[in-house]
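For this one, chain B is given, so just place chain R with the ligands on it according to the hints.
Protein sequence lines correspond, in order, to chains B and R.
As numbered in our numbering, residues 31 to 439 make up the first sequence, in order.
As numbered in our numbering, residues 79 to 331 make up the second sequence, in order.
Please keep in mind that the hints were generated in silico from the structure rather than gathered at the bench.
Any given hint might turn out to be false.
What the hints assert, rightly or not - Dumping the calculated BS3-like pairs for lysine-lysine here, alpha-carbon to alpha-carbon at most 25 angstroms:
| no. | chain 1 | residue 1 | chain 2 | residue 2 |
| --- | --- | --- | --- | --- |
| 1 | B | Lys276 | R | Lys130 |
| 2 | R | Lys85 | R | Lys130 |
| 3 | R | Lys246 | B | Lys36 |
| 4 | R | Lys184 | R | Lys85 |
| 5 | R | Lys209 | R | Lys273 |
| 6 | R | Lys149 | B | Lys276 |
| 7 | R | Lys270 | R | Lys246 |
| 8 | R | Lys130 | B | Lys37 |
| 9 | R | Lys206 | R | Lys246 |
| 10 | R | Lys85 | R | Lys149 |
| 11 | R | Lys184 | R | Lys209 |
| 12 | B | Lys405 | B | Lys36 |
| 13 | R | Lys130 | R | Lys184 |
| 14 | R | Lys270 | R | Lys206 |
| 15 | R | Lys219 | B | Lys276 |
Stated by the list, open to error - Covered stretches of chain R (chain B as the covering partner; in silico rule of three or more C-beta atoms under 8 angstroms from a C-beta of chain B):
| no. | segment |
| --- | --- |
| 16 | 153 to 159 |
| 17 | 172 to 185 |
| 18 | 190 to 197 |
As the list claims (entries may be wrong) - From the derived model, a few chain R residues whose C-beta atoms are all more than 12 angstroms from chain B:
| no. | residue |
| --- | --- |
| 19 | Asp141 |
| 20 | Met216 |
| 21 | Leu249 |
| 22 | Ile266 |
| 23 | Arg276 |
| 24 | Pro311 |
Every residue, glycine too, gets a C-beta built ideally from N, C-alpha and C.
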Amino acid sequence: MFGLNKKDTTFLLIVIGLTLFTPILMQPFAEGSGLAQFNGGYPDLMQKVAIFGIFAVGFNILFGLTGYLSFGHAAFLGIGSYSAVWMFKLLTMNVIPGILLAMVVSGLFAAAIGYVSLRRSGIYFSILTLAFAQMCYKMAYSVLTPLTNGETGLQLALDDPRILDKAIEGSSLPVTNIFGLPMNSSYKLDVMNHVFTFSVGFYFCAVIAILAFYVAIRLFRSPFGMMLRAVKSNQHRMNYTGLDPKPYTLAAFVISGMYAGLAGGLLAAMDPLAGADRMLWTASGEVVIMTILGGAGTLMGPVLGAGVIKYLENIFSKINESVLHSWFHWLPDGIEDLVVWVFARFTGEGWHLTLGVTFMLVVTFLPGGLIEGLKRIRDRVKNGKKKRDKYDDPDPDHHPAPTKRVAGE
Amino acid sequence: MGILEVKGVGKRFGGLQALGNVNLSIHENTVHAIIGPNGAGKSTLLNCLVGKLMPDTGSVMFDGQSVLGRKPHEINQMGISRVFQTPEIFGDLTVMENMMIPCFAKRDGAFRMHAFESIAQERDLIAKAEKMLSDVGMLEKREMVASSMSRGDKRRLEIAMCLVQEPKLLLLDEPTAGMARADTNNTIELLKQIKAERDITIAIIEHDMHVVFSLADRITVLAQGTPLVEDTPDNIKGHPKVKEAYLGETQQV
Ligand SMILES: Nc1ncnc2c1ncn2[C@@H]1O[C@H](COP(=O)(O)OP(=O)(O)O)[C@@H](O)[C@H]1O
Ligand SMILES: [Mg+2]
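Only chain B is shown next, with the shape it has when bound in the complex (with noise of 0.2 angstroms):
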């Protein structure tokens, strides 16, 4: 079905269906329990989900695939948002143009980007990248505030153009829509002391989103794709196979670029505003965080990684002092101030160093990512009454080779 062999149509209808019932797999505690703020099933949060899972699974195209490390990728991010905002602004505030511009502009700025810096690799490549986004971010400060409204951002403006929504306007900011629909409205469904919200933004994302997946998964099958992990895998052989590595690489980093874009224009499309942190070098830091924590080439790592980082993000932040007392009120006082400072470093504004700490550990001890915990996971479910020594794994990827010359010459 769809152009993809039994394993990946299974897999797809998976996918489809935990992002289809997000808003309720992500509230599985009821309100006003101890754990409610545990809850991640409310729209704002899974919004980012979807969008930087988008982000991520076309960055894992570029870096997964080609082995090409891009430090840059969040300026095409933040091009992909002020594309978008500059056509609810002239034109509609119906999303759909604005997306498709935002996808078309990283695309060309991407090929240019991508032309230049992929004379280059490794670590040098590496570098240019993260030169560019930089240079990208200055100038959205300096030469282009005409364009971008320097540090105040890009907003929407009563007397904006908006050609075709003329008419219907009112004295207020018009809210992005699909159709009619608007962005923002959803609608709560109460069962049994569990609140579940529908919205409109989650579900346009869940569906551009796993659309967005379904490329990458028929990119990842086609002769395309293989030729990518050839690039990664020895581009001197390609070379003296009669294909040039080039302009496999250079399609790729611009199909990766239109993934950034999107994702910046859906990110618009929800909060109509574009201001230059979002091509910050921290930003495209943490698209490769994303990408490396949940499984480097492979179709579903990066969605699990950019949905750890996301929720450890909104929901980790959250919890302060206050909320730690709460917890520990029932401690000895002077054991409860110890406790609650020392998780206090992970909480509230230190989620840093809880993420830090989760990436170190993935990174030691599961090469391969999340993924590669969940694989294994499902293979000891599998053959858990078979005795288990360190010999006894035939599956090659649980030992990936180490990293050779990252796209060397």
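Just chain R with the ligands now, with coordinates in the frame of chain B:
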């Protein structure tokens, strides 16, 4: 006229004249061996033929066209495939994928954006790759990750990857170097079989005299970057200059 005509090729690395004034003509459907001591410039000569190096002087004509100034992938598309001194394969990919890549390269050229096709639909190419794998006796290893195989199998795979492209000229750089005896014998058998079954021109660099004399139609002896003599294997064996420059000091024939 040979299918490959090398005229007056010279190559200098800094102070070292790696190739002097090399003239070489390789005729269609022959096996032409290039022998010579270590550092004689044999690999350098091959590098000049496949676009890895640009010679300082001279010309290289293949099938009536100059190869100089062309990129390696363009030269491959003209019909020259090369097996390297250390096997160059796609180590992270499976044996079958290693075979499919040259098949696609041969059919679709240096670049094609086949992002929405599925490999499984390419029945003709799959059949071709499988036929080639079974010819070299590796069909049962088709799903193995290439880097996990023995050196002999890697070399076999590399030869199969070159052959499946049906090149007009196959260049082999010391195909048995560093191999166990059994692997060497297997490789010789494979090359003999290829020679017998296919219309193909082969240029082979080889240290193992047993291999050379059992395969070659003609032999060129290279020493210090210049061809010493070129003749049939029988004549080379008895040639005094060759004995002095090469055979006498390293190998018993
Ligand atoms: N890329 C290079 N740069 C500098 N010197 C080289 C290079 N390639 C080969 N040489 C030198 O040229 C000479 C011939 O080398 P080569 O062609 O590899 O010999 P062989 O006949 O053993 O294959 C050697 O002295 C080698 O050190
Ligand atoms: Mg050599």
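We went through each hint and held it up to the structure:
| no. | hint | verdict |
| --- | --- | --- |
| 1 | B:Lys276 - R:Lys130 | holds (16 angstroms) |
| 2 | R:Lys85 - R:Lys130 | holds (18 angstroms) |
| 3 | R:Lys246 - B:Lys36 | violated (41 angstroms) |
| 4 | R:Lys184 - R:Lys85 | violated (29 angstroms) |
| 5 | R:Lys209 - R:Lys273 | holds (17 angstroms) |
| 6 | R:Lys149 - B:Lys276 | holds (12 angstroms) |
| 7 | R:Lys270 - R:Lys246 | holds (17 angstroms) |
| 8 | R:Lys130 - B:Lys37 | violated (42 angstroms) |
| 9 | R:Lys206 - R:Lys246 | holds (17 angstroms) |
| 10 | R:Lys85 - R:Lys149 | holds (20 angstroms) |
| 11 | R:Lys184 - R:Lys209 | holds (16 angstroms) |
| 12 | B:Lys405 - B:Lys36 | holds (19 angstroms) |
| 13 | R:Lys130 - R:Lys184 | holds (20 angstroms) |
| 14 | R:Lys270 - R:Lys206 | holds (21 angstroms) |
| 15 | R:Lys219 - B:Lys276 | violated (31 angstroms) |
| 16 | 153 to 159 | holds (count 3) |
| 17 | 172 to 185 | holds (count 7) |
| 18 | 190 to 197 | holds (count 8) |
| 19 | Asp141 | holds (15 angstroms) |
| 20 | Met216 | holds (17 angstroms) |
| 21 | Leu249 | violated (10 angstroms) |
| 22 | Ile266 | holds (23 angstroms) |
| 23 | Arg276 | holds (19 angstroms) |
| 24 | Pro311 | holds (29 angstroms) |
Comparing the model with each numbered hint stated earlier shows that hints 3, 4, 8, 15 and 21 do not hold.
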